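Can you build the whole structure from these sequences, using the hints too?
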Amino acid sequence: MSQPTAATIPGRTEWDGGVSPMGVSYGKLMMWFFLLSDAFTFSGLLITYGLIRSQHPAFTGDHAHFVFSQEYWPVPEKVFEAVPFFHGVDLPLVFVGFMTFVLIMSSVTMVLAVEAGHRMDRKAVEKWMLWTILGGVTFLSCQAWEWTHFIVGTEAGSTIKEFVNGGWTTRVIHGANLHENQYGPHAFADFFFFITGFHGFHVFSGVMLNFLIYYRTVTGMYDRRGSYEMVEKVGLYWHFVDLVWVFVFTFYYLV
Amino acid sequence: MAHHVSHEPEVVVIPPNKEKIMHLWKVAGILLVVTIFEFIVAFSMQHGTWKTFIFVVMTIVKATYIVGEFMHLKYEAKVLIWSILVPIIFIVWMLVAFVYEGMKLSDVNFLR
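Keeping their order, the protein sequence lines are chains A and B. The first sequence: position 194 = 194 (the working numbering), numbered continuously. The second sequence: position 72 = 1072 (the working numbering), numbered continuously.
Don't take every hint at face value.
[To be verified] One side of the interface only, derived from the structure: several residues of chain A facing chain B at Cβ under 7 Å:
| # | residue |
| --- | --- |
| 1 | V19 |
| 2 | M22 |
| 3 | S43 |
| 4 | Q55 |
| 5 | M120 |
| 6 | D121 |
| 7 | L236 |
| 8 | H239 |
| 9 | L243 |
| 10 | L254 |
| 11 | V255 |
Just so you know, these hints were derived from the structure itself, not from any lab. Bear in mind that the values here come from a model prediction, so they are computed numbers and not experimental data. Beta carbons: idealized from backbone N, C-alpha and C, even for Gly.
Right, here's the structure in full:
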């Protein structure tokens, strides 16, 4: 909903105040600028990931014969190939593809809630907000499973060579944490936890905000206020979370 | 008979605009098709510069639809569009600077 601009009020300019030159409310504008600053944070993480990755040697052999090693950066589709209830079946990127689908769909239901809010349609806002919350919770649950799988690791594990008490020994490690990593160099696991964790925290905050909006819609707060603009502001945040995932998906899982 | 005074405000619900909602679902369809295309590329192409290039282009296409349509930026005032897009130059610069730095560091290759 655009507000009057200077041009619509005779005899006034933007410098006289009382108008909104950008055609949006203060809250919406500040949400845009917050999201811009958040985009910088995520870019910092993803670009640093690219820098560290480019320093490590890439796996050059045939993908069919890929094995985990500390010597080179792992191929993501060989790391993320597990799906719940399909233990031992090699399904590369299927689960993360499902997560992407869930997040895109929840973005669609959010924009439908915003559309319903413009029409002051409380029932429709409630319906679409509930679908959006469900999508967010589903995504977070999937991520919890994926993290668990990543941390626990595969049954075979990886054999690492280490220098202990003045001699070289070998040890089998399973999964990854901030100290050791079965799948490849330390940095691979570190960035996985930081980037998907930071994004997951955004999704979590988004679900909390979505629930607040849902609660306030149900109790009729926005009807009394006469505007559903809060749905729009939180909607902007939720779409941004989806946008970040589009980049994380490409640069962490596909490339 | 007592007359009940309602404290609930009178809210006029505007009926849904079918065209607008269809448009939103169309954008959703485009996003899904692009994601499926990315999956096909992921499993049918050799790793290399071309594959990465296709992924980057697809990602920018998806980002444009999300920001432009879902976040409604395409329909906002021009000054708002530019206020959001122009600072992205700094991200591009960060990318260029770090990739350049990364190439130099690879030449030194102190990790080996």
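Hints, one by one, checked against the model:
{"no.": "1", "hint": "V19", "verdict": "12 Å, violated"}
{"no.": "2", "hint": "M22", "verdict": "4 Å, holds"}
{"no.": "3", "hint": "S43", "verdict": "5 Å, holds"}
{"no.": "4", "hint": "Q55", "verdict": "5 Å, holds"}
{"no.": "5", "hint": "M120", "verdict": "5 Å, holds"}
{"no.": "6", "hint": "D121", "verdict": "5 Å, holds"}
{"no.": "7", "hint": "L236", "verdict": "6 Å, holds"}
{"no.": "8", "hint": "H239", "verdict": "5 Å, holds"}
{"no.": "9", "hint": "L243", "verdict": "5 Å, holds"}
{"no.": "10", "hint": "L254", "verdict": "5 Å, holds"}
{"no.": "11", "hint": "V255", "verdict": "5 Å, holds"}
When held up to the earlier numbered hints, the structure conflicts with hint 1 and nothing else.
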